[in-house]
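Kindly generate the complete structure, drawing on both the sequences and the hints.
Chains as they are written, first to last, in the working numbering: chain A, 1 to 85; chain B, 1 to 235.
It is worth saying that the hints were derived from the structure and are not from the lab. Quick reminder that beta carbons are idealized off the backbone N, C-alpha and C, glycines included. There may be inaccurate statements among the hints.
As the list claims (entries may be wrong) - Quick list of simulated restraints, FRET-style, between CB atoms:
no., chain 1, residue 1, chain 2, residue 2, range
1, A, Asp76, B, Tyr15, 38 to 44 Å
2, A, Arg46, B, Pro132, 48 to 54 Å
3, B, Thr37, A, Leu68, 15 to 21 Å
4, B, Glu226, A, Val82, 56 to 62 Å
5, B, Tyr15, A, Arg66, 44 to 50 Å
6, A, Thr5, B, Asp28, 50 to 56 Å
7, B, Asp176, A, Asn50, 49 to 55 Å
8, A, Arg66, B, His137, 39 to 45 Å
9, A, Asp76, B, Arg156, 19 to 25 Å
10, B, Lys19, A, Asn50, 46 to 52 Å
11, A, Phe33, B, Asp150, 31 to 37 Å
12, B, Asp41, A, Arg66, 34 to 40 Å
To be verified - Beyond 12 Å from chain B on every Cβ pair, some chain A residues (computed):
no., residue
13, Arg13
14, Leu16
15, Glu37
16, Asp38
17, Asp52
18, Gln58
19, Asp62
20, Val73
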Amino acid sequence: MSSYTAEVRITPRAGLLDPEGKAVQNALHSLEFDGVEDVRVGRLIRLRLNADDDAGAQQTADDMCRRLLANPVTEDYEIVLVKGS
Amino acid sequence: MRAAIVTFPGSNCDYDCFKAVTEVLGEDAYFVWHRETAVGDCDLVILPGGFSYGDYLRAGAIARFSPIMQDVQRFAAEGGHVLGVCNGFQVLCEAGMLPGALVRNRSLKFQGERVYIRVENTDTAFTVHYEPEQLLHLHIAHGEGNYVADAGVIERLEAERRVIFRYVDESGQVTDEGNANGSMNNIAGIINEQGNVLGLMPHPERSVEALLGSKDGLPIFTSLAERLATAGSSA
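This is the structure in C-alpha cells:
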C-alpha cells in the first residue's frame, strides 16, 4: 500500500451555462480586465488515499468521482494524482 | 392513504408535509428518520424540502446515500409512489430516480417567492384532480432549481408527456420572463417513466389552505389520496 494525494478538479460541463462563472466574468469586466473571454467556476477536492499502485489509486479516485464527487449530468472532472503526501 | 415522510438532517418542510396530509387531508402520515433502513407500511413516500446535509457538495448529493434511500428505491421499483418536493426533487435526481439535475438559478440568488405554474399533464396519479393546463400560484424557495438535462433526455420527457409542471407567466404562457429560474423548457416538475415518482421544485404543501393564501397545491395530495385509497397498499 502506498499513500497518494489526489486532487479532483470539478468544472461545469463544457457547453453548459455557468451562471456563477458568468457573474464573475462580468465583475472582472467591470474592473476593466477586458481581456477575460470566459470564466468557469468549479470546485477543488483534495484527498489522501491508500492504494496498491498508481493504477489502483486512479481507479479508486475515478470511481469516487462517478459515484459521488461529480454529477456527470452537469460536471466534468479531472484527477491529478501524486504519490506520497 | 398512509404517507411516510423522510426526514434528513436539514429537512425543514417535513412538518408542512405532515400537516398537509394529516390535518388538511385527514389521512395518515408518519416520519422516518434518514438513518432507518425501511420506509414501513405506507402507500406514499414524501421526500420533503430543506437543505439536507447543508447542500454540501451538491444539493441532494449526500442525502441520496442515506440508509433510507435504498429502501425508497426498492419501494419505487415495486411501484410505490414517491413525491419529491424541492430538495426532495434534487435528491431524486441525484439518486438517478429521475433524469437530469438541478443547478444554480439563473439569477444566482436564492428565490423565495410565489410564481405561476401550469399543469401540463393531468393523467397521472399526482395530478388527476387538476384541470388540464390549470394555472397555479405556488411558492418556490430554492437556490438550485434550474433544471438541466441532455438534449436527448429533454426530447424524451416532452415526447412522453413527462413534464408535469412548467413555469409560466401570469397569463399562463411559456415565456422566458415566466421562467422562474432558467430551467430548460421552463421545467418545474417531471415524472419517471413508470409514472410513480414525481419531483417538483415548487412547494404544494405550502398552498393547501385558504389561510396560507392559496390552495393550489392541495389537488396533488387529494389526487394521491384518491388513487392510493383505491389501490390499497401499492408496494
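Going through the hints against the structure:
no., hint, in the structure
1, Asp76/A to Tyr15/B: 38 to 44 Å, "39 Å, holds"
2, Arg46/A to Pro132/B: 48 to 54 Å, "52 Å, holds"
3, Thr37/B to Leu68/A: 15 to 21 Å, "20 Å, holds"
4, Glu226/B to Val82/A: 56 to 62 Å, "60 Å, holds"
5, Tyr15/B to Arg66/A: 44 to 50 Å, "36 Å, violated"
6, Thr5/A to Asp28/B: 50 to 56 Å, "52 Å, holds"
7, Asp176/B to Asn50/A: 49 to 55 Å, "51 Å, holds"
8, Arg66/A to His137/B: 39 to 45 Å, "40 Å, holds"
9, Asp76/A to Arg156/B: 19 to 25 Å, "23 Å, holds"
10, Lys19/B to Asn50/A: 46 to 52 Å, "49 Å, holds"
11, Phe33/A to Asp150/B: 31 to 37 Å, "33 Å, holds"
12, Asp41/B to Arg66/A: 34 to 40 Å, "35 Å, holds"
13, Arg13, "9 Å, violated"
14, Leu16, "7 Å, violated"
15, Glu37, "20 Å, holds"
16, Asp38, "17 Å, holds"
17, Asp52, "26 Å, holds"
18, Gln58, "21 Å, holds"
19, Asp62, "17 Å, holds"
20, Val73, "4 Å, violated"
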